[in-house]
Amino acid sequence: MRPINVSCSRCRYAGQVMVFKHDKPFQHSSKEDKKNIVHITDHLVLIGLGLGVFYWFFEAFFNIFLAKSGLNPFELLVAPDATPSWNRLIILCLFVIFGAHAQYALNERREAARKMERDAAARERFQRLLSPDLAEMVVSGQLEVKKGGESLIATVMFADVRNFTGMSENISASEVLTLLNEYFEIIVDIVFRHGGTVDKYIGDEIMVIWGAPITREDDPARAVGACLDIQSELILFNKKREAQGLRTIELGIGLNTGNLVAGYIGSTKTMSYSVIGDSVNVAHGLCAAAHGSQILISKDTYELVKDIFDAKRVEPIHTKGKTEPTIAYEVITGKNPAAGLHHGC
Numbered sequence: 003m004r005p006i007n008v009s010c011s012r013c014r015y016a017g018q019v020m021v022f023k024h025d026k027p028f029q030h031s032s033k034e035d036k037k038n039i040v041h042i043t044d045h046l047v048l049i050g051l052g053l054g055v056f057y058w059f060f061e062a063f064f065n066i067f068l069a070k071s072g073l074n075p076f077e078l079l080v081a082p083d084a085t086p087s088w089n090r091l092i093i094l095c096l097f098v099i100f101g102a103h104a105q106y107a108l109n110e111r112r113e114a115a116r117k118m119e120r121d122a123a124a125r126e127r128f129q130r131l132l133s134p135d136l137a138e139m140v141v142s143g144q145l146e147v148k149k150g151g152e153s154l155i156a157t158v159m160f161a162d163v164r165n166f167t168g169m170s171e172n173i174s175a176s177e178v179l180t181l182l183n184e185y186f187e188i189i190v191d192i193v194f195r196h197g198g199t200v201d202k203y204i205g206d207e208i209m210v211i212w213g214a215p216i217t218r219e220d221d222p223a224r225a226v227g228a229c230l231d232i233q234s235e236l237i238l239f240n241k242k243r244e245a246q247g248l249r250t251i252e253l254g255i256g257l258n259t260g261n262l263v264a265g266y267i268g269s270t271k272t273m274s275y276s277v278i279g280d281s282v283n284v285a286h287g288l289c290a291a292a293h294g295s296q297i298l299i300s301k302d303t304y305e306l307v308k309d310i311f312d313a314k315r316v317e318p319i320h321t322k323g324k325t326e327p328t329i330a331y332e333v334i335t336g337k338n339p340a341a342g343l344h345h346g347c
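Position one of the sequence shown corresponds to residue 3 (the working numbering), numbered consecutively onward.
Simulated from the structure, these hints should not be mistaken for lab results.
Honestly, I wouldn't trust all of these hints.
What the hints assert, rightly or not - For each label pair, taking beta carbons as the anchor points, the in silico distance ranges come out as:
| id | residue 1 | residue 2 | range |
| --- | --- | --- | --- |
| 1 | Ile334 | Thr217 | 23 to 29 Å |
| 2 | Lys314 | Tyr266 | 36 to 42 Å |
| 3 | Leu238 | Tyr106 | 54 to 60 Å |
| 4 | Glu326 | Glu177 | 39 to 45 Å |
| 5 | Ala115 | Ser176 | 38 to 44 Å |
| 6 | His293 | Glu184 | 18 to 24 Å |
Note that the coordinates shown come from a computational prediction; the quantities given were computed from them, not determined experimentally.
Using N, Cα and C, we set each Cβ at its ideal position, and we do this for glycine too.
Just need the whole structure built from these sequences, with the hints factored in.
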């Protein structure tokens, strides 16, 4: 078979990541209002406690040291009629103890509020990349996302709209954004149902991984099943657009399974979880070679899913940076109607 030469110009994006600003977490205006109310309440409580302590201290000082100038402070404390003075001292001590406890409770409440805000911001970030159940596991600490890099085997998917540049030149910017958002909404919903993780968006292209941050034995099958569902859903999407007199789109998809390095990438101020490695470039090359509505998978992925999905071998593909052509297969359908249909974790 004659190798197909593909100039995969966008393979350089394989190591880039979508980043979030850690110093400006997502917050609703209602959260800001609640925070302001809490701060005002805390200040009022502290002012009241301070005034109460000042009053009792001043009165005790005045009565003890000025009211009975004929007696020294020690005589006032041990005199038969020293009960009022002792009462004031006891009350003053209670105020000090209560004030310290109240301040501790306020500090604890502030810290709890800050933690809730941090968790909400983290949950908001992770839910854009992970399925809801995985995002909740990461935020709650049930699933640890290691900050250092780790080597693992994962399946990478790239999906790209065919001839999107030419199509976008003939429609307005708002129409382009609307189309992309609708298209990504379909893909991400299906990816999450199959337990995938969104790695990044690159223009009209999306990169998804199965196998990080959580690994399953059937990750390759989940990935292929998601690709088939995406192409099926795209048919319905195009029918709706045709009925509205809008342009239809075609999607090329590439999949590869192999060794990758996963971890946080970026600077100390902006970083995100991503995967890098040669397997990413292979998946991107397969995506670039795929025709509209075609799903191309590497031999490594094919060997892991051949008992579940029907696929036919196509001409080898040359990708940028590879001396040997990549053996590729086109996925046709699942051998079992329920094959590859995984939902959730």
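Hint by hint, here is what the structure shows:
Separated by about 27 Å at the C-beta atoms, isoleucine 334 and threonine 217 satisfy the suggested range of 23 to 29 Å. A beta carbon spacing of about 39 Å between lysine 314 and tyrosine 266 agrees with the range 36 to 42 Å that was offered as a hint. Remark: the range hint 54 to 60 Å for leucine 238 to tyrosine 106 is upheld by a beta-carbon distance near 59 Å. Checked against the hint of 39 to 45 Å, the pair glutamate 326 and glutamate 177 passes, with Cβ atoms roughly 42 Å apart.
Distance hint check for alanine 115 and serine 176: the Cβ-Cβ separation is about 39 Å, which falls inside the suggested range of 38 to 44 Å. As the Cβ distance of histidine 293 to glutamate 184 is approximately 22 Å, the hint placing it in 18 to 24 Å holds.
Violated hints: none; the structure is consistent with every hint.
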